[in-house]
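Quick mapping for you: the protein sequence lines, in order, are chains A, B and C. My numbering puts the first residue of the first sequence at 4, with every later residue one more than the last. My numbering puts the first residue of the second sequence at -5, with every later residue one more than the last. My numbering puts the first residue of the third sequence at 5, with every later residue one more than the last.
Think of the hints as simulated: they come from the structure by calculation, not from any bench. Quick caveat: nothing in here was measured; it's all calculated off a predicted structure. Just to be clear, a hint being listed does not mean it is correct.
Straight-line alpha carbon distances no greater than 25 Å define the calculated BS3-like cross-link-like pairs of lysine-lysine that follow [stated by the list, open to error]:
#1 C:K358 with C:K256
#2 A:K10 with B:K194
#3 C:K137 with C:K52
#4 C:K53 with C:K136
#5 B:K140 with C:K378
#6 C:K201 with C:K428
Only part of the chain B face toward chain C is listed, based on derived beta-carbon distances under 7 Å [as the list claims (entries may be wrong)]:
#7 N30
#8 L129
#9 N234
We treat Cβ as the ideally placed atom computed from N, Cα and C, and that holds for glycine.
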Amino acid sequence: MSADRSKFVFVLPGLIVLVAIILFPLLFTIRVSFSDWDVARPGLDWIGATNYLRLVHDTRFWESFGRLALMAVGSVLLQYMLGFGLALLVWREVRARRFFRVLFLIPMMTTPVIMAVIWRTMFHESLGPVNDLVRLLHFAPLPWLSQAGLAMMSIITVEVWQWTPFMFLMLLAGLLSLPREPFLAAAIDGAGPIRTFLRVTFPMMAPISIGAIIIRLIEASKILDSVYVITSGGPGTATETSSYYIFIRGLRDFQVGYAAALSFTYLVIMAISLTIIAKVLARAMLVRDRA
Amino acid sequence: MSALYRILKYAAILLWSAFVIAPFLWALTTSFKTANGITGGPTYIPWLQYQPSLEGWRLLFRSGGGGIQIGGPYLDSLIVTISASLISLVLGTLAAYGLSRFTFRAGFVRNADITFFFISQRIMPPVVLAIPFFLMLQFLGLLDTKFGLIIVYIALLMPIAVWVMVDFFNTVPRELDESAMLDGCSPFETFWRVILPNSKPGLVVAGLFCLIFGWNDFFFAFTLTFTQTQLLPVAIVALNSSVTPWWSLSAAALVSVAPLVAVAFVLESYLSRGNLAGAIR
Amino acid sequence: MKRIKKYTLLATTVALALGGTLASAQDFKKYGIDKDVPGACSYASMSKKDYKGRTLSVITHAVPVMGEPTDLHAKQFQELTGATVNVVHVPFGDLFQRIMIPFQTGQNAYDVLFYGSLWSGDFHDYLAPVPKKYLDTAGMKDVTPTYRKVATWGDTMVQYTVDADRNYLKYRTDVFNNPEYKKKFKEKTGHDLAVPKTWEEYDEIANFFNGWDWAGDGKPHFGSAEVTKRDDLMFSAFIDRASAYAKNPNVKGGMFFDLKTMEPLINTPGFVKALEMFVKAKRYFPPGGDNFGLGDEIFSFGGGQTLMSYTWDDAFVQAMEPTSKIRFKVGSSPLPGSHEVWNRITKKWDHFDKPNAPAYVTWGWTSAVAKASKNQDMAFDFLCFFSNEANADHDLQIGRFGINPYRNAHFTKSFWADKMGWGKTVGDQYVDTLLTIDRSKNHVFDLRIPGVNQFMSSMATGVSEAMAGQKTPQQALDDVAKEWKQTVNRIGVDKVRAAYANVVKLEDNE
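Bound conformation, chain A alone:
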């Protein structure tokens, strides 16, 4: 078998299986988005672009994108910085590092929908431990879930708690597989730890960083369980994100057709913006690599 033919043997099985599973749902969603499928009217009639015209004027949908951007970008950046920092901390010469490595991984292993309930009890303003700690530090109790800014912060905190381990793992795995020679060379040059990090570690970690950030952005954008449980989008609409809004329209309201239009729009916007983000990140982070 020639190399040229055999390359398909590698890629095609996965590709075919994936397309087989995903093709129908995807096409179906697009088709549904042109229908008036609703709680009172199941089925695939044809109403043209009505749903899309409606969503253009749906300020709640567009506002939710802004909040999503803030929440996703904010929490992913925090996760990346914290994850990188933690990976560096337990990379070398630390006592009991294997213990800490395992410990740092654990939050990622928990079921978001259940942990969100636990976090809601923690943030409970009179029965939870967070305000207890605040009181211990001699501050007034804070409205963690009922004030717009704090509610957003609370949700970001939960996201950071849950998903920093993901970054940590990716980056630690990356760090652990780095070759030693560049570090030796830097040491011979007399570079300090900060210079070594900027000149050697960070550039070598750039490809894995970009991948990790992109995949986290994708996942973070779908945030639903924690919003639903912790604030259910409130106070007002202060923590309502796109996917939560789509959830309300699609499964609460059961406006299936409209939700499909919202989702497809979401999919297109996300695919475009992620591509742009990936390109920008690559340019910013890989510049030295290419030079």
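Put chains B and C on the given structure of chain A with help from the hints.
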């Protein structure tokens, strides 16, 4: 390295550890409370501050008496997650190797685009996929079965496996392939005999991600089943009635994370070995 | 299971041999009931059925509310009839879609469904009418007219009554009866401290008892615990407050919509006034009280943190649990009302000397059998067994089951005072409260029309936006009205009107 730096370093590690562990400690103490232990405000130490009870834990293993039996769902979750993860890992690794080592061109489509196509499957919010997947499994007669869930999970997990493995294979030096080819290996033999044995860390990471995402999926496990098949998160959420039972949900959170913590230990040991592998190469 | 089956078979054979008169009641005591009440749905009748080899699929609420009794009776039904009963438990927020997806895609997923009766406008087409045989049972005939109405769509009973719910006021009797507090309250406000009859009084009392330690346990206590979390059950709490101002007993033809034009009335002054009051109420909520779900409300009032609360029974039941710190210190009364009620015809506020306090029949749990079910006989048998007199009697006594009085027989005072152990004071008052609500000639029912969730979720969003200060109450409700209008047009004016006419008929006592 200065003493100050060391102090800061350990302080940072300990601070983060405290943050990580706090919800679990809270869950642990909450799991032994009753409604009375909760409504009095936050308390932490059993006997001293509240009267502990085993009710929260009992609810997890009791049926017919206001509880759920998580034994069956536990097993179902293990079967579905492990099967879907393994299949995804096999298919995803193959595809990733192909994408990493060969050049594909079809019109404007390049390797990176194919990789992105795989990953992009995860962009769609699950909410919308509920009804299409429901109809698909209905057509196949696989609603409310483990097999149906495995199929859906493959679509969810394979993109993760592809993504991790592409990144990973890109870091494996091509010289390894080339020298194997020179020794007369076919592409597949090269992959099987030379690359795969050197890829354990990547495989472990990818496999773990598949397990985590599969194990923790709530949405599809919830919408695509009725009464016969129940996965763990769905069974646990069945406790969330008009009163949110802080106690039993806390116990459930601890129980459901247990098997994955075991996996974390395995993973960590592979990471350390990955370190060695990196040194050798 | 087999052994029990054999045993009951034997018992039946013996009973038949003895002329069918041998009382087998004691055989069923092991199920925890007092005594089997003879009838078509009794333990004895069920034990004669043979459903061996057949499977019943049931969807119900999470445990314990409705979920636990479903489990319990499923197991009993299994033992009595030999059927296999599979039950799935779903949290309330996800129950609708979990039922609706199979309905709309034609999948025969569940035989028996337990759900909130407010959805009957969406579900009724998919439900099997209750057969005459079951309508004629003594248990069904004893269901109060109010809850027969709730179970009926048009002229057909499509839901099987297994529970009844209503929202009412709960308060701390120890505080209201405290002479010192009475004096202080009089000094401060110039009014006598009494159970509030209007929302204005509620406001005043809650505000007075907010933020200080009136329970004497060293902790601050608060005025009122209310359901305020947006996509939780907040819509019902808002209707509780709004009915007093918006449901004018002298104006027929709809409270949420003008039935004739199907114009939304949600932004009329009655609703706006209620929303203004709701926004103002934030000042006497406990910390976090503007993001309380029902569970938080129950903990807050049931745990003794707050003076008053309204909505469902759960908080009251929690307070009356044997282990509760405030057992016997709670009282109940119908919801407060208002002296001023908006009249949308004259466009003026009507004055009522006796406060207008409509009774909101807040949906409540119901059950039904799917039209697509191939086991309808067995499914209805299960529901009639579930709600037979012996079981209802048993279930009412277990607070966490969430099953509340729905038959005339359930309003027996001695039952609550003695059997339930609530004593005469609490028990009698509870029965009186429930009876007042049940017999009221001024009911508010849920908006049981197709797409009820769409209307309720946009209302909740508007209310929440006003509570968060994003919009003024008027602005928020204007936006809700706009959205309601669009929703009505989308679903179809005639379709919505036809459904709403059913609701209005009930509210106008026609």
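Violations among the numbered hints, reported as their numbers in ascending order
Checked against the structure, no hint fails, so every one of them is satisfied.
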